[in-house]
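Enquirer: Just so you know, the sequences run in chain order A and B. Using our numbering, read the first sequence as starting at 45 and increasing by one per residue. Using our numbering, read the second sequence as starting at -9 and increasing by one per residue.
Because the hints were derived from the structure by calculation, they are not lab data. Glycine residues also receive a C-beta, built at the ideal position from the N, C-alpha and C atoms. Incorrect hints may appear among the rest.
So these bits of chain B aren't anywhere near chain A, every CB distance computed over 12 Å [as the list claims (entries may be wrong)]:
hint: 1; residue: L65
hint: 2; residue: S76
hint: 3; residue: A80
hint: 4; residue: R88
hint: 5; residue: T91
hint: 6; residue: L101
Covered stretches of chain B (chain A as the covering partner; in silico rule of three or more C-beta atoms under 8 Å from a C-beta of chain A) [as the list claims (entries may be wrong)]:
hint: 7; stretch: 7 to 15
hint: 8; stretch: 30 to 41
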Amino acid sequence: DTGVSQDPRHKITKRGQNVTFRCDPISEHNRLYWYRQTLGQGPEFLTYFQNEAQLEKSRLLSDRFSAERPKGSFSTLEIQRTEQGDSAMYLCASSSPGSAQHFGDGTRLSIL
Amino acid sequence: SQQGEEDPQALSIQEGENATMNCSYKTSINNLQWYRQNSGRGLVHLILIRSNEREKHSGRLRVTLDTSKKSSSLLITASRAADTASYFCATDLSGSARQLTFGSGTQLTVLP
């Protein structure tokens, strides 16, 4: 069990650029989640995958955001035309049915 | 939007003392979970209490749940400097664990 891995740990980009984050879940976990966390707040749910199927999406996930999990293993979260308000920590978690969610250390996005 | 609200927002105690954090939520839940987050890191699951349970223990942790008051408390006994972290409650509204709704957290500082 190597834990949930996220890459990169930090991303600094200019407003208007596209960014993509990667999450590698714990290998035996078929459930994968993305959350966003701003300073001083708890994580907010963005989306959920079961295997390769994206089963739930939050209203926070605007049309500039897209997430994929093409083979039911790793996942990517892309933000197009980044805005200042996108600055946050993006957290990925994975779980098996009935188990607690295991979180990665997140990708901190800073928009200049 | 955040379902839970932790109280207090910040708590500072001496090593060896007990720390109590409270969480209130708004809607009916299937279960409530507590997580810890060290600065700059992901969240670590601490304990889960189901809606039909009133109290649960895990090591130095004691969690209570009062569904009539829609509140929960987390007690850490004999605190250590290593317990310094943010603590979040999270509610699972559906029972499917597809989506957790987190509170805004309590920042605990344990002074050596």
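Enquirer: Confirm or reject each hint.
Expert: Here is how each hint holds up against the structure:
1. Look at L65/B: its CB is around 20 Å from the nearest CB on chain A, clear of 12 Å, so calling it non-interface holds up.
2. At roughly 9 Å, the least C-beta separation between S76/B and chain A is not larger than 12 Å, which violates its mark as non-interface.
3. A beta-carbon of chain A is positioned within 12 Å of the beta-carbon of A80/B; the least distance is around 8 Å.
4. With a closest Cβ-Cβ approach of about 5 Å to chain A, R88/B is found to fall inside the 12 Å limit, against its non-interface label.
5. With a minimum CB-CB distance of about 7 Å to chain A, T91/B fails to clear the 12 Å threshold, and the non-interface call is violated.
6. No beta-carbon of chain A comes within 12 Å of the beta-carbon of L101/B; the shortest separation is about 21 Å.
7. Coverage of the stretch 7 to 15 of chain B by chain A is violated [criterion: at least 3 residues with CB-CB distance below 8 Å; count 0].
8. Here's how the stretch 30 to 41 of chain B fares: 7 of its residues keep a CB closer than 8 Å to some CB of chain A, so the rule of at least three is met and the hint holds.
Consistency with the previously given hints fails for numbers 2, 3, 4, 5, 7, ordered from lowest to highest.
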